[in-house]
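> What follows is the residue order along each chain.
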Amino acid sequence: MFKLSDEGLKYVKNELTRYEVKQSAIIRCLYRAQDENGGWVSPDVISHLSAVMEIPSAQIEEVATFYTMFNKTPVGKNHIQVCVTLTCGMLGGRELCDSMMKEAGCKKTGDVSPDGLFTFSKVECLGSCDTAPMIQINRDPYTENLNTEKGLELVRKLRTAGGAGASGKGH
Amino acid sequence: MAEIKYLSEHYAKPEYQTLDGYKKFGGYEMLAKALKMEPQKIIDEVKASGLRGRGGAGFATGVKWGFLPNNGEPRYLLCNADESEPGTFKDRVMMERAPHQLIEGMLISAFAIKSNKAYIYIRGEYMGPAAILEKAIAEAKAAGLIGKNILGAGFDCELDLYLGAGAYICGEETGMISSLEGLKGQPKLKPPFPAVQGYLRKPTIVNNVETLAAVVPIIRDGAAGYRKYGTEKSAGTKLFSISGNVNKPGTYEVPLGYPLMDLINIECGGLKPGRKLKAVVPGGSSAPVLTAEECKTATLDYECLAQLGSMLGSGAIIVIDDSNCMVDVLSTISHFYHHESCGQCTPCREGTGWMERIIHGIVHGHGSEGEVDLLLKIADNMKGRTICALSDAAALPVLSFVTKFRDEFEYFIREKKSKVRGGQIYAQISH
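Protein chains in written order, with my numbering: chain A, 1 to 171; chain B, 1001 to 1431.
Okay, chain B solo, but in the shape it has when bound (with noise of 0.2 Å):
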């Protein structure tokens, strides 16, 4: 096994980005073909091909469509490109080196879940790929691709571009819902589901960018040629996006199941001279880190991921080598979630403040003891007690950094310094 690429291979090629660079590879034959089918039945192959979301959740995709009422009630697609999941950066290359595949993708989930308007929501900061997708999205649709009887088999379907403004919870799919619908992004009680009650009420599906464009090799190799990549449990290929201490970072595409250590060693060309690999966290800042030892065994995909109580996530890989303070590290991470904590849910608004005051009295030598059980009690408080799951994530991290480092949360609360590089990390040294 090795890198595949399945969804990005013809990321390489600058012109793939327009619409006729896009065409010259097949591009929107798989939308003729998919408007001449049953749109049941576009449904049905989603769900025999096993594809889960790749945004994070990893639910399935053909369940999570099933899931939309027949009430006669207008429908709404979303793309959720709102990659904010620190780590992750795979969308982002998806929608600069193939726009069009994901428009592509839209219009034929649309047409299976028989919605007339779709939305892309992008990040505010994405203003590059925002260009770019407004390019794309303009050229389809003088090309008579997006709006009224697309290539004459009766279906319309209206694509825009909504631009966030900066707040990671407008990833979550209510969250992205109120925002959508010009407010501020906090997420809603769930049920309703959104498949069910979501923009404006009416039923809406939010799919992340790779989950969408996806679809477009599923209709082209059916889900039998789809699942020819990847497990059982986890099928066909994710891009991941890895980051931190290896020599070459950056987007792979590989089959699900693959080892997480090859994908390090080969495809990411190891780690720096002399140095050893102390952590892995493996789908994004919300996924529990894994030690070295448990890193020798897990495969990526959603099972074993789990088993080591961690998660596949967005597949944002974060390798974290030996010159790294865990509790530095960990400072950024608790930074983050308390300054995206949306406000509405007191154990999260206050949990996330409170962790972040403890690890930053501690990276600033100001640490006492007990703190290291303070700080799992209150992440064992907000876990589960929130309308959305940003709670769960800010206290994930935690528990897992104290639980597995623990030896350096306590050197540094009794010795006020660092355990690694001589204790010069950046709290101390920039004071």
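Excised from the complex, chain A in its bound form (with noise of 0.2 Å):
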């Protein structure tokens, strides 16, 4: 069963009264605890986050389901998000996409690579058009102005540095 650290708790405790209304501090606890949980929101971290914030589990779930960046399946090491909305859609964003999940083993979007160091997902607009194709790794600062040969080398990087995580930070 999924249990915050001590200091997350520490961290949750402080959120519930940092805002005018307590529920407002479920994004930011759900993303304390996902990090926490190895990168995604699995059904005990909301049970978990319900008895210590005291909210009903059905209003931590409904925000856990409403907004992507909380992953509700397991993810790898690396979550690499790769934008192809508009701008990066035109200038290759999907076809890095499919390149680098070939280079890291995974079959399609959301998989877990054979050695958990890769999970994929086709985002949408990153705000960062500029340098397109660009990329997110976890919730790191992006990676950008990418092409094929960058992202498979990336790819190669990241598996080269193991259980790291781009920012060896984690997710």
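Read the hints as simulated data drawn from the structure, not as lab findings. Virtual Cβ for every residue (Gly too), placed ideally from N, Cα, C. Misleading hints may appear alongside valid ones.
Computed spacing ranges between beta-carbons, pair by pair [as the list claims (entries may be wrong)]:
| hint | chain 1 | residue 1 | chain 2 | residue 2 | range |
| --- | --- | --- | --- | --- | --- |
| 1 | B | 1041 | A | 2 | 51 to 57 Å |
| 2 | B | 1307 | A | 54 | 54 to 60 Å |
| 3 | B | 1071 | A | 2 | 42 to 48 Å |
| 4 | A | 159 | B | 1376 | 31 to 37 Å |
| 5 | A | 150 | B | 1193 | 44 to 50 Å |
| 6 | B | 1343 | A | 13 | 31 to 37 Å |
| 7 | B | 1072 | A | 14 | 29 to 35 Å |
| 8 | B | 1014 | A | 162 | 43 to 49 Å |
| 9 | A | 56 | B | 1376 | 40 to 46 Å |
| 10 | A | 159 | B | 1273 | 35 to 41 Å |
| 11 | B | 1193 | A | 13 | 34 to 40 Å |
| 12 | A | 54 | B | 1141 | 27 to 33 Å |
| 13 | B | 1143 | A | 54 | 35 to 41 Å |
Starting from two chains that each stand alone, build the complex the way the hints lay out.
Shown next, in the form of structure tokens:
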């Protein structure tokens, strides 16, 4: 069963008093719990948060399922989110995603690669269209101005780095 | 006329990110000046400046502020930093380069509208700018610029950063308020407008990042000084996000009324050699597309683009050259709106799905005769029938792409392949 670390609990307690109403803390607490749970929001994350925050689990689940940045299924150490909207779509974002996925050993978006290091998602506009095509790894600052060659190199580099994740910070 | 660095004067200086660096170039002097003014005088000045909302709707900022009821209830100021309209990235640049400019603009605005609590709602993906803003907020707090009795003027204002988690709809002001309340980011029926009943049903003003930052030079130069740039109905300068098939994509600040083709050819270095302009989306993905012919006379202001049947929107310009298949480009836009519909209203929830499935079918070579007209009919039925504008925003690109580039859609349906690139577009080569 998922349980927040002591530090995580402290974080949640602090968030609960940060805003006018305590349910405003749900998003940040979900991020925290997702990070501590290896990158996804499992059903027991929701029940644990519900108990800790004293907010009905339905309300937390509602938020967790509405917003795309909460992963409802497990993801690899590097969750690679490739922008495919409009400009990135025009300038090769979709092709980039497909080549990187192939190199990483993922058959389709949402899959975790056999080595557990990668999951790919095609995401909507990330607001960096002048550096298209671009990606976001986990919640790190963006990786921009990519092409197929650079994308493949990045996958190889992340594989060599092993479990550390792009920034070494995890999700 | 050319690029004018009015708001963005110091953006190239890395030190401008820090409180000390910002102060070196006059930072927070306008806050000090504003705190000595009558709040109503500030609202009047903003009204007279002609500043219009830079997030997309273009509503007069001072007029919006004037809608606040005088009922003694606490008021909230909410900065819309959810920047999610495809093609738009100028707010990110502003927050990264000049976080204190936004904070100063917000504090002046909060003082003007008599609010003691302000939030910046930033999209969850913007972790880079969020970190920069959090640092800047902490610096400002430590320096007594946020909190109690700011600069000894007796004005209290708290300012906090709220993180979204991936939802385009939270850029809609009532959707943003729902999200800030800890709910799904679904828009609410208007009226009541947020100025009357917003966050926690209290009077709330929601303004875009660029709008709030522009309040700083308005205090410095006055309404008349601000009006030195732009046109009568489109006053001031604006930051444009330009991307797509140009040599130098990026963020450029020009006076409103600036010719679109000059921005493309001069500031952005034109198109790649051998390429011809096919179309431009002038104001973010929701803005109806312009043909190359229409671009010739287009100027970047609210009036001209409205006359051309499009809109200035968020100032996101996507340049499309002749190597692109318009059916393919529209397929990414329609996928976006279907993904981002919040699901409350049937015309939007179902309509965006129908449109995406039909266009998806066409690009995969499964289109059938009559689907071009079917798309137009669906789009027409989605306009003006929902709680918020997402449904219209999804319908407008379909209507304009299909109407202005109908031959490409009909060719694709007939020949089962694209009219451009010898049919080699993504959907056709990826399977």
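> Evaluate each hint against the coordinates.
Against the structure, the hints come out as follows:
For the pair residue 1041/B and residue 2/A, the beta carbons lie near 55 Å from each other, so the given range of 51 to 57 Å is met. Remark: the range hint 54 to 60 Å for residue 1307/B to residue 54/A is upheld by a beta-carbon distance near 56 Å. The hinted window of 42 to 48 Å between residue 1071/B and residue 2/A holds, with their beta carbons roughly 45 Å apart. Here the CB-CB span from residue 159/A to residue 1376/B is close to 48 Å, at odds with the stated 31 to 37 Å.
At roughly 47 Å, the beta-carbon separation of residue 150/A and residue 1193/B lies within the given 44 to 50 Å, and the hint holds. Between residue 1343/B and residue 13/A the CB atoms are about 33 Å apart, so this pair conforms to the stated range of 31 to 37 Å. For residue 1072/B and residue 14/A, the Cβ-Cβ distance of about 31 Å falls inside the hinted range of 29 to 35 Å, so the restraint holds. The hint said 43 to 49 Å for the Cβ distance between residue 1014/B and residue 162/A, and at roughly 33 Å that hint is violated.
Between residue 56/A and residue 1376/B the Cβ separation comes to about 45 Å, which falls inside the hinted range of 40 to 46 Å. At about 38 Å, the beta-carbon gap between residue 159/A and residue 1273/B stays in the expected band of 35 to 41 Å. As the Cβ distance of residue 1193/B to residue 13/A is approximately 36 Å, the hint placing it in 34 to 40 Å holds. Against the hinted window of 27 to 33 Å, the Cβ-Cβ separation of residue 54/A and residue 1141/B comes to about 29 Å, which satisfies the hint.
For the hinted restraint 35 to 41 Å between residue 1143/B and residue 54/A, the CB-CB distance of approximately 36 Å keeps it satisfied.
Checked against the numbered hints above, the structure violates hints 4 and 8; every other hint is satisfied.
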